[in-house]
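*Asks:* This is what each chain is made of:
Protein chains: 4
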Amino acid sequence: MSTSDDLYAVADFCLIPMGTGEPSVAGYIAECQRILEKSGLKYKVGYGTNLEGPWSEVSKAIHDCHLAVHAQGAPRIATDIRIGTRTDRQIVPGTGNEAKVKRVEDILSK
Amino acid sequence: MSTSDDLYAVADFCLIPMGTGEPSVAGYIAECQRILEKSGLKYKVGYGTNLEGPWSEVSKAIHDCHLAVHAQGAPRIATDIRIGTRTDRQIVPGTGNEAKVKRVEDILSK
Amino acid sequence: MSTSDDLYAVADFCLIPMGTGEPSVAGYIAECQRILEKSGLKYKVGYGTNLEGPWSEVSKAIHDCHLAVHAQGAPRIATDIRIGTRTDRQIVPGTGNEAKVKRVEDILSK
Amino acid sequence: MSTSDDLYAVADFCLIPMGTGEPSVAGYIAECQRILEKSGLKYKVGYGTNLEGPWSEVSKAIHDCHLAVHAQGAPRIATDIRIGTRTDRQIVPGTGNEAKVKRVEDILSK
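Chains as they are written, first to last, in the numbering used here: chain A, 1 to 110; chain B, 1 to 110; chain C, 1 to 110; chain D, 1 to 110.
A couple of the hints might just be wrong.
All copies of an identical chain are treated as equivalent in the list; a pair is satisfied when it fits inside any one copy or across any two copies.
What the hints assert, rightly or not - When the alpha-carbon atoms are kept at most 20 Å apart in a straight line, the in silico DMTMM-like pairs for lysine to aspartate or glutamate are as follows: (1) K110 <-> E37; (2) K100 <-> D5; (3) K38 <-> E105; (4) K102 <-> E22; (5) K44 <-> E98; (6) K44 <-> D64; (7) K42 <-> E57; (8) K44 <-> D5; (9) K102 <-> D5; (10) K44 <-> E105; (11) K38 <-> E22.
Quick caveat, the hints were computed from the structure, so don't treat them as lab data.
Generate coordinates for the entire structure from the input sequences, incorporating the hints supplied.
*Replies:* Take a look at the structure:
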């Protein structure tokens, strides 16, 4: 779905299944990882899940996580997405999240 | 872009222009409202901006706000999106955000 | 708990009870409103709940909402807080959230 | 500031300096790390910064990051905080964030 005006997005999302009757969410997040693996996008699981790529693909991957988590039985899902774009520098695909952390580390190591 | 498996999304997003040299963001948010008006989706501005509709259209509208705010000169943008979907009840298009507030008010008025 | 270096905070939080066995959250959010009413802080319920005041008091009010929602039976809670501070202008207590919306409306009405 | 009813919080925050005239935020985030180091709390920098401990201490550490970033010249700051508490299990201090990731990895490795 990426098009010529599709901004490159560096994102992090935190998906919360609701109404599940159990406080644990690890099973749902694991299912999301299987979906993200299929998306071909670069991702990394932490408090939220880092994900980056063309905006439309990042959005579709998160949407498909919702579909998968609903299919696993969660009647409602609330997700928080932090998403950033920039036009001042070209981001080498797949390096946006790592580069952010590295720039901070470089400053602190001086 | 809405398709058969496109979940209905009730969202709220908070867009932050970065590197603009001025702390005020009202001009950028006003530009976003013009974009949202064109999207045809239901929206309402508060701390963030409520927005609801098919997931792909909601995502595209926010993406287009980024495009517009970059075009206004912001080199970088960070947006926080809260987005919810549910399969336990059918949401009448355009009523998702209002209905959430009303259910709380109904409980408090008892 | 407000002290001399306690920044004035304009916030919006979205509290999500987890593991409750029911997708509806209106009852929990209503309980939060009762807590906020007692806090004496300015608040307003929408997608999230606007809340403003000295940072420590805003934080304590949200913490006490967690305590109340746990007491109502939710074993786990995930909250997303957007919180802003600024030093470029003095915010008249209780007007921070409304003023943000008004500045956007003023621009659009021109 | 931790008291008997101070919930243990597992959090992740993303701090955004506004009105700085430069899109880069690495210098500000590095300053935050120095503040967090002094707080004595467990933290880890990624897209956002993981931080955990008693709610009041977590809140104060983020507040002090705002103070430090304002002192560095940012006139306005917008922060997104994801914060979770739970009463169904005891969290060993300092292990909340790591344990969340590990439970997902354990499921996927089966």
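*Asks:* Between K42 and E57, at a C-alpha cutoff of 20 Å, which is it: within one copy, between copies, both, or neither?
*Replies:* within (11 Å within a copy, 24 Å between copies)
*Asks:* Can you give me the call for K44 and D5, within, between, both or neither, at a CA distance of at most 20 Å?
*Replies:* Neither: 26 Å inside a copy, 26 Å across copies.
*Asks:* Between the shortest in-copy and the shortest cross-copy C-alpha distance, which are at most 20 Å for K44 and E105: within, between, both, or neither?
*Replies:* Both: 19 Å inside a copy, 11 Å across copies.
*Asks:* Given identical chains, is K38 near E22, meaning Cα to Cα at most 20 Å, within a copy, between copies, both, or neither?
*Replies:* Answer is neither: 27 Å inside a copy and 31 Å across each miss the 20 Å cutoff.
*Asks:* Within a copy, between copies, both or neither: where do K110 and E37 come within 20 Å Cα-Cα?
*Replies:* between (37 Å within a copy, 16 Å between copies)
*Asks:* Cα distance capped at 20 Å. Does K44 pair with E98 within a copy, between copies, both, or neither?
*Replies:* This pair counts as both: shortest intra-copy Cα distance 10 Å, inter-copy 14 Å.
*Asks:* Please work out whether the CA atoms of K102 and D5 approach to 20 Å or closer within one copy, between two copies, in both situations, or in neither?
*Replies:* neither (28 Å within a copy, 32 Å between copies)
*Asks:* Pop the pair K102 and E22 into one bin, within, between, both or neither, using alpha-carbon distances up to 20 Å.
*Replies:* between (37 Å within a copy, 18 Å between copies)
*Asks:* Which holds for K38 with E105 at a C-alpha limit of 20 Å: within a copy, between copies, both or neither?
*Replies:* Intra 31 Å, inter 17 Å, cutoff 20 Å: inter-copy only.
*Asks:* Checking an output row: K100 and D5, CA cutoff 20 Å. Within, between, both or neither?
*Replies:* Close neither inside one copy (23 Å) nor across copies (30 Å); limit 20 Å.
*Asks:* Under a CA distance limit of 20 Å, which applies to K44 and D64: within one copy, between copies, both, or neither?
*Replies:* within (17 Å within a copy, 26 Å between copies)
Going down the numbered hints, you'll see the structure goes against 2, 8, 9 and 11, while the others check out.
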